[in-house]
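Fit chain X to the given chain C structure using the hints.
Just so you know, the protein sequences line up as chains C and X, in that order.
First residue of the first sequence: 1, per this note's numbering; consecutive thereafter.
First residue of the second sequence: 1, per this note's numbering; consecutive thereafter.
Hints listed in this document are in silico derivations from the structure and should not be mistaken for laboratory results.
From a predicted model like this one, the values you see are computed outputs, not experimental measurements.
When the alpha-carbon atoms are kept at most 16 Å apart in a straight line, the in silico EDC-like pairs for lysine to aspartate or glutamate are as follows:
{"hint": "1", "chain 1": "X", "residue 1": "Lys-421", "chain 2": "X", "residue 2": "Glu-403"}
{"hint": "2", "chain 1": "C", "residue 1": "Lys-50", "chain 2": "X", "residue 2": "Asp-1058"}
{"hint": "3", "chain 1": "X", "residue 1": "Lys-442", "chain 2": "X", "residue 2": "Glu-477"}
{"hint": "4", "chain 1": "C", "residue 1": "Lys-50", "chain 2": "C", "residue 2": "Glu-191"}
{"hint": "5", "chain 1": "X", "residue 1": "Lys-401", "chain 2": "X", "residue 2": "Asp-391"}
{"hint": "6", "chain 1": "C", "residue 1": "Lys-50", "chain 2": "X", "residue 2": "Asp-914"}
Listing some non-contacts, in silico: residues in chain X with all C-beta distances to chain C over 10 Å:
{"hint": "7", "residue": "Ala-187"}
{"hint": "8", "residue": "Pro-250"}
{"hint": "9", "residue": "Tyr-362"}
{"hint": "10", "residue": "Arg-377"}
{"hint": "11", "residue": "Asp-682"}
{"hint": "12", "residue": "Gly-852"}
{"hint": "13", "residue": "His-893"}
{"hint": "14", "residue": "Glu-930"}
Note that beta-carbon positions come from the ideal geometry of N, C-alpha and C, so glycine has one too.
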Amino acid sequence: MRRLSVGDKLPSFRLPSAQGAEVGPEDYRGRSNLILFFAKGMACGFCRQKMSQLGRGLPRFRALGAEILMVAPTTLERGRFYARSFPLPFPYLCDPDYRVFEAYGMPPRSRSPLAKAVDLVQAKLGPAPEVTELGHARPALSEIPRLLNDDDLGLFIADREGMLRYTSVGPYVHREGYRVVGLEAIPSNEEIAARLEAIERGAPAASS
Amino acid sequence: MTCPECRHDNRESARFCEACGARLARRCPQCQTELRPTARFCDECGRPVATPGDGGRPAPAGTAAGPAPAASLSVAQVADRLTAQLPGYTPRHLAEKILTSRSALEGERKQVTVLFADCVGFTELARAMDPEELHQVMDGCFQRLLQAVHQFEGTINQFTGDGIMALFGAPIAHEDHAVRAVAAALAAQARLGEYAARLRQERGVQLSLRIGINTGLVVVGRIGDDLRMDYTAQGETVNLAARLQAVAPPGGVVVSEATHRLVAGFFSIRDEGQREVKGYQHPVRVFLVTGQRRRARFDLAVERGLTPLVGRAPQLAMLRDCWERARAGQGQVVSIVGEAGAGKSRLAYEFRRSLEGQAVTYVEGRAAPHAAQVPFRLVVELLEDNFGLRDAPDERTRVEKVERGVRALDPALEWTLPYLKHLLTLPAPELGAGGLDQAQQKRRLAEAVRAFVLRGAQHRPIVVLAEDLQWIDGNSEALFQLLIEGIAGHPVMIVGTYRGGYAPPWRDRSFHHRLALEPLTAEESGRMAELLAAPAERRLRTLVVERAGGNPLFLEELSRYLRERGDPGELPETVHDLLTARIDRLPDPLKRVLQVAAVLGREFRLSLLEAVAPEADLERTLAELVSRELLQQKDVLPEPVYAFGHPLVQEVAYRGLLLKTRTDLHGRVGEALERLHAGRLDDVVEALAEHYARSTDGDRAVQYLVRAGDRAARLFAYREAQAAYARALERVPAPDERRPAILDRLGEAAYAHGALKEAQAAWQEALELVARRGERRWMADLHRKMAVAAWAAGRTQPALAHLEQGLAVLGDDAENLEAARLYHERARIHFRLGQHGTATEWARRALALGQGLDALDVVSHAYNTLGVALARDGDVEGGAEFVTRSLQTALRHQLGTEACRAYTNLAVMYASLDHRRSEQYCREGLALAEKIGDRLQQAWLHCVLAGGHCTISGDYDEGVRAAEAAAALDEQLGQDSHLPVPLIILGQIHQCRGDHARAEAYYRRALEVAESVGEPQLLVPCYEGLATVAIERDDAPQAEAWLQKSREIQQATGWTSDTFLVLPFLT
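Looking at chain C on its own, in the form it has when it is part of the complex (with noise of 0.2 Å):
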């Protein structure tokens, strides 16, 4: 699986929105550059950060000319839930079956062998907290094959004519050997407006 480096055609797909229609990075060809966000969704309170950073940021991008899209791998059912619990400025669009996150380079990343035994062990004998009133916490059993895959996280920049101008990608947790150097994935709203101003301005691309 290759990823996409700057200069690549941003692919092509379209995903049902949670706020509604089907939309597709096409729709926005010609009129807008586009901000691409691939998280975990909802369901996790970080990503949610990420994404609260991103809506405060939208005003700015938009005087840029940019808008944001956000996929995440969240069923049509409960992405409508989150939508209408959790107003978000931009598409949330879900894509259950990793289809277009595989299109973007990050299919869902099966960890190392042994990181997913420790989580497996983890999961079923490890430290559970108290027990409250729904018994034992422990994962229920369809849930443990999310447990043993890791979603990459990525963001995408292109201009109005579909070209990658920036790309940051990469595992959630990101490790050399065993030191945890950071995640530098999504950049701060001051970053993503630097990155389009070069872009209106007519600069090259560059990746990070």
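Okay, now just chain X, sitting in the frame of chain C:
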């Protein structure tokens, strides 16, 4: 009485002539033998004589021969007569021991074992026998009783009419006093049993002995020239022994629970359960001793199961090395030297185990403290072991075994048989028959043993283990000496164990090796404590390791004691008795100085000791104590500093002092410290507090305890500060003027390290006392402090109520620091409750007043609250500016808690602005919180860090660690106003990883606490977390229900859920 010199007529009781001063001896009117002053019978002819106490009536004339009328003699009178002869009954070697050590013993608290023995049947005898006969029989009984007691070095303290009371452990100190007492009791029963059997046969009379034994503390009083010891019993020590004697069956020995603890395993004992005992309300547990077992302390340890050996590898290797050489025909002698409990027997045991499977004759024996006077005792032990005589049923078997053993080895050894039998007290021909004198006989006897051993070694290499040589009897020692001289070219290895202080005469032999068992290293002790697994709690384990001072026995005993009785401050009797005996063996000035030093502490300066104990030759005495390894010299310059060699030696020496002596000495130490450190008392304020606290000078104790507390608080050592204030409070009961101020400070210290409950209790009491005095401003301040503590503990309503009351108490008097602080506290709590309008208003008032009063803590807090309220309303940058000002104020004026609060808030705010700066604030805040011991704030900062790990670096594992640390802290401190935060973060992390079940469990727990606190910033994330979990389970109605609750809060505060995402948790 007529003076033989001047014929002056003196009073009948006179001892000296009042006219000429000549000695007036009483003489028996019948045989003219000189009598002791108290004699009632002539000890030459048995004629009754009048005593001075009888009112001067002379013996009736004309009763020159024949028994006196029975009516004039009761059992009590006969007993009196025996009592009068008490000094004569104590063997000389014991009397000397007592008289040389008595001055050092007087006034000491001692653990002793008390034995009461009572002859049953005297009264019947008195009816059936004439007095002469009665006297003879009673004397026979007493003789046997006394022999048994003296054999084990007990002392007779009192005749009780039909019996005796004997003491073990004082006035002669023994580490095994309880074992001795029971052994003496069994010996007395055996001797008296034989005697009674004879009497029954010869005269048809019944006699038996009842014995009761108990162990406990007494205070030793004066020890008279007659060796009688005055004592004050502490508690029931003596009384219970007497009562137990009364419940003992005839011929039986009954011991109390306290004694049983010390002797269990050394004897066969039956638990008789609870018994009614006269004079006791509750039944008393009673044990019946049924027989002897041959046991040393170490054998008991083996029975209980040994802990794996720790350390001692080099010593074991050395033993093995000697063994290899001995086996090859180079005889070896090895001494294993160490203090009691150092592991000598254990090392020997390990050595023996390492010989398993090899061709070797292994013989062992042990010298015993109560048998140091018994000739050849140790050699007999060894021979008995060798021939397997210990469980031989009768004499015939014993003879057979010895003869078979010798003849099987070599018929040429036949000549040694009489000698060996003689040693083993088996029937043998008279040794003197060959015309040898006694010295020659002894020599021949030793040669016989040597010949036997060396011949045996030709057959198979021999290892002889002789334990506890410090108690070896002289004859055995001489025999060993001769044996060792002969083993050089033979496969014989002799291993001796002994404690420091004994020097074997063969130590200069070239094939003698000395293995010293040093204390275990700290690392080894730690390993051993871990193996013993006794106190699981780390603090207790450290305490045990520290107190044991590297002595493996003490480690085991302390661990066991702690496990069984749970009191880490107490000492097991076994350890206590070992050390007491060691201290009691010291000659007088050494012991006295050691005890005074014990009052000074584990380490002490020479100058201080001089000031308290102005002894002549103090330095020489100290040098002697150092050479005996009881003390160590730590420093020489600028002045000598000494320390106790073993921590428990100090403890035991200290415990030996009478309470009154102790308190006096502590007072003197306090005064000496004040003198020696005049002008810089703060350097020694802890020591001053410590000593005065144990003295009778209560005022100075309080004064220095408070000062010590203040000093500790200045150094952020809040726990120590709290402890010092608490001790000061013990000395100022309720009506004392000083009490509220100390309570207030105690509350401060407790709050500062997160002891919320204790802080609230102290302030509550202070508040009541101050209210009685009507000091309004102080009351207001205490109300504010209680509000702060209540809020931290998650008790919102009481917190608000206290703030109200504080302001109400002040009324119009509101231009002061107390008011300003109440304002800012109000501002803070309103902010946390989501009422930011009110919060901002109070913060402004606090700021204005605080600036006017130059109250910088108020200013810092007010800026802080203004900042967070602004940020929550959407102006994060503007809010951060205020909080930065708060931080600067706090840092400039060293307001630790205020600075930590600002760091926390800045870290949260910058998380969405500049995460590097955020992390920087976190780290600085944590460092400060740790430095000042502010654990409440540490929990906050750990959480900001955890959030950062998850959103910024994506390092979940680190995030989980930080959040779990914070949760543990909050739970420990009871900081319910923060506990939901780490729980929420943990929920979020698990949710992010897809583990919804676990996430839900965390959210639920968080919610439970958050609902009782009622704080929006805690509730909203819980509701939303639970809602998203429900959605992922496709349970839309449940999700909707949670979201509805979240929306209600958002409407009430005017904040959106997005607000809480951007600025999760502010304080």
